[in-house]
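Between the sequences and the hints, there should be enough to build the whole structure, so can you do that?
All residue numbers for the sequence shown refer to our numbering, where the first residue is 2 and numbers rise by one.
Honestly, the hints are just simulated from the structure, not real lab data.
Keep in mind that the hints are not guaranteed to be accurate.
To be verified - The following label-pair restraints were derived from C-beta to C-beta distances: (1) ALA59 <-> SER98: 51 to 59 Å; (2) GLU67 <-> ALA107: 43 to 51 Å; (3) ALA50 <-> ARG90: 53 to 61 Å; (4) ARG88 <-> ALA66: 51 to 59 Å; (5) ALA93 <-> ARG71: 45 to 53 Å; (6) HIS87 <-> LYS48: 37 to 45 Å; (7) ARG81 <-> ALA58: 33 to 41 Å; (8) ARG46 <-> ARG86: 30 to 38 Å; (9) GLU53 <-> ALA93: 54 to 62 Å.
As the structure is a prediction and not an experimental result, all values here were calculated from the model.
Even for Gly, the Cβ is constructed at its ideal location relative to N, Cα and C.
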Amino acid sequence: GAASHLTALTQEMLILRRTLATAEQDASTQRRAATEALEDARTHRGKAADAEAQAWAAEAHREQAEELRRALEGNLATVREEAERHRARATAAEQESAAYRSRLVAAEKAFERER
Numbered sequence: 002g003a004a005s006h007l008t009a010l011t012q013e014m015l016i017l018r019r020t021l022a023t024a025e026q027d028a029s030t031q032r033r034a035a036t037e038a039l040e041d042a043r044t045h046r047g048k049a050a051d052a053e054a055q056a057w058a059a060e061a062h063r064e065q066a067e068e069l070r071r072a073l074e075g076n077l078a079t080v081r082e083e084a085e086r087h088r089a090r091a092t093a094a095e096q097e098s099a100a101y102r103s104r105l106v107a108a109e110k111a112f113e114r115e116r
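Following this line, the structure appears as structure tokens:
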């Protein structure tokens with residue numbers, strides 16, 4: 002009776018030890034997996050933050066490029082207007098010069114007639 006009871010207890014202890022060892026191993030494996038998952042999450046969070054920062058930088062660059070383009074277009078319009086004003090002044094000067102030339106020719110003819 003007592004010996005078989007002792008044998009049964011010994012077997013139960015062996016089973017419990019084995020079960021405990023398996024449970025501890027599972028817990029360790031799960032802990033390792035959880036740590037890896039946390040590290041992955043941190044890495045992904047870091048990558049996501051980097052990507053977001055890059056997206057903001059790209060947007061800022063796009064906005065700067067757009068402002069620069071608008072400024073250049075404005076400058077181009079100003080330069081065109083200035084060129085147009087010079088062209089108009091040149092045309093007016095040419096017309097004035099032609100008028101003086103014809104008056105000079107007329108005066109020379111009148112002078113020749115008077116002589």
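Cross-check of the supplied hints:
{"no.": "1", "hint": "ALA59 <-> SER98: 51 to 59 Å", "verdict": "holds, 57 Å"}
{"no.": "2", "hint": "GLU67 <-> ALA107: 43 to 51 Å", "verdict": "violated, 60 Å"}
{"no.": "3", "hint": "ALA50 <-> ARG90: 53 to 61 Å", "verdict": "holds, 59 Å"}
{"no.": "4", "hint": "ARG88 <-> ALA66: 51 to 59 Å", "verdict": "violated, 32 Å"}
{"no.": "5", "hint": "ALA93 <-> ARG71: 45 to 53 Å", "verdict": "violated, 33 Å"}
{"no.": "6", "hint": "HIS87 <-> LYS48: 37 to 45 Å", "verdict": "violated, 57 Å"}
{"no.": "7", "hint": "ARG81 <-> ALA58: 33 to 41 Å", "verdict": "holds, 34 Å"}
{"no.": "8", "hint": "ARG46 <-> ARG86: 30 to 38 Å", "verdict": "violated, 59 Å"}
{"no.": "9", "hint": "GLU53 <-> ALA93: 54 to 62 Å", "verdict": "holds, 59 Å"}
Consistency note: the structure conflicts with the earlier hints numbered 2, 4, 5, 6, 8.
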